[in-house]
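2 protein chains.
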Amino acid sequence: MIANTPAPPYYAVIFTSERTEGDEGYAAMAERMLELARQQEGFLGVESAREGLGITVSYWRDLDAIARWKGDVEHQEAQRLGRKQWYRIFKTRIARVERDYGL
Amino acid sequence: MIANTPAPPYYAVIFTSERTEGDEGYAAMAERMLELARQQEGFLGVESAREGLGITVSYWRDLDAIARWKGDVEHQEAQRLGRKQWYRIFKTRIARVERDYGL
Numbered sequence: 001m002i003a004n005t006p007a008p009p010y011y012a013v014i015f016t017s018e019r020t021e022g023d024e025g026y027a028a029m030a031e032r033m034l035e036l037a038r039q040q041e042g043f044l045g046v047e048s049a050r051e052g053l054g055i056t057v058s059y060w061r062d063l064d065a066i067a068r069w070k071g072d073v074e075h076q077e078a079q080r081l082g083r084k085q086w087y088r089i090f091k092t093r094i095a096r097v098e099r100d101y102g103l
Numbered sequence: 001m002i003a004n005t006p007a008p009p010y011y012a013v014i015f016t017s018e019r020t021e022g023d024e025g026y027a028a029m030a031e032r033m034l035e036l037a038r039q040q041e042g043f044l045g046v047e048s049a050r051e052g053l054g055i056t057v058s059y060w061r062d063l064d065a066i067a068r069w070k071g072d073v074e075h076q077e078a079q080r081l082g083r084k085q086w087y088r089i090f091k092t093r094i095a096r097v098e099r100d101y102g103l
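Top to bottom, those sequences are chains A and B.
Letter 47 of the first sequence, counting from 1, is numbered 47 in full-length UniProt numbering, and no numbers are missing.
Letter 93 of the second sequence, counting from 1, is numbered 93 in full-length UniProt numbering, and no numbers are missing.
For the record, the hints were derived by calculation from the structure and aren't laboratory data.
No experiment lies behind these values; they were computed from the predicted model shown.
Cβ coordinates follow ideal geometry from the N, Cα and C atoms, glycine included.
Hints are supplied without guarantee of correctness; some may be wrong.
[As the list claims (entries may be wrong)] FRET-style restraints, in silico, Cβ to Cβ: (1) Gly-22/B / Leu-81/A: 34 to 42 Å; (2) Arg-80/B / Asp-23/A: 19 to 27 Å; (3) Gln-39/B / Ala-28/A: 23 to 31 Å; (4) Leu-34/A / Glu-41/B: 37 to 45 Å; (5) Glu-51/A / Gln-76/B: 43 to 51 Å; (6) Ala-28/A / Ala-28/B: 35 to 43 Å; (7) Asp-23/B / Asp-72/A: 40 to 48 Å; (8) Arg-32/A / Ala-67/B: 36 to 44 Å; (9) Val-73/A / Gly-22/B: 30 to 38 Å.
Please construct the entire structure, taking both the sequences and the accompanying hints into account.
In structure tokens form, the structure reads like this:
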């Protein structure tokens, strides 16, 4: 689903990744992280797709909300496992959404 | 592939969409638009995945490069057809990438 974000400005975390082989607890953790993200103060929405490359864009009210989410204890453990075993390569980009339009 | 973007700041165009049924020339046009985008001055890279929801993030040196790409005659025709028949719904977000990190 396309995220129902408010009028800009707000922030986007663009997380692009290539997975390693095998699940290794990944699907359950990904599900849990989505559930946890939705509970964070300042969370505005998320969009995700994987087709070889995985792209997840989460939207946030401000940089403080992003910093709090990055520092969440359970999320930190997921980040550690991501670096260690789930992702072959990834890139996280923090961006300020300045304008949007659509259909 | 994860786009090999330079050090921030630079810009991202986050294009999220849900397609209509049927191809209707979509695949060929999508391919052509990628080819054309890569030739634009100020183009830095692109990442794309579709899994129900489609997410394409293209990266650009500055807002001028994005404006030129949006105004490209062939791209304008693709945008027109997109609104008319290819997309059930879409959202385009223009964002300034301020920070990135990865593995």
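For each hint, the structure was consulted:
no.	hint	in the structure
1	Gly-22/B / Leu-81/A: 34 to 42 Å	41 Å, holds
2	Arg-80/B / Asp-23/A: 19 to 27 Å	43 Å, violated
3	Gln-39/B / Ala-28/A: 23 to 31 Å	43 Å, violated
4	Leu-34/A / Glu-41/B: 37 to 45 Å	38 Å, holds
5	Glu-51/A / Gln-76/B: 43 to 51 Å	27 Å, violated
6	Ala-28/A / Ala-28/B: 35 to 43 Å	39 Å, holds
7	Asp-23/B / Asp-72/A: 40 to 48 Å	42 Å, holds
8	Arg-32/A / Ala-67/B: 36 to 44 Å	41 Å, holds
9	Val-73/A / Gly-22/B: 30 to 38 Å	47 Å, violated
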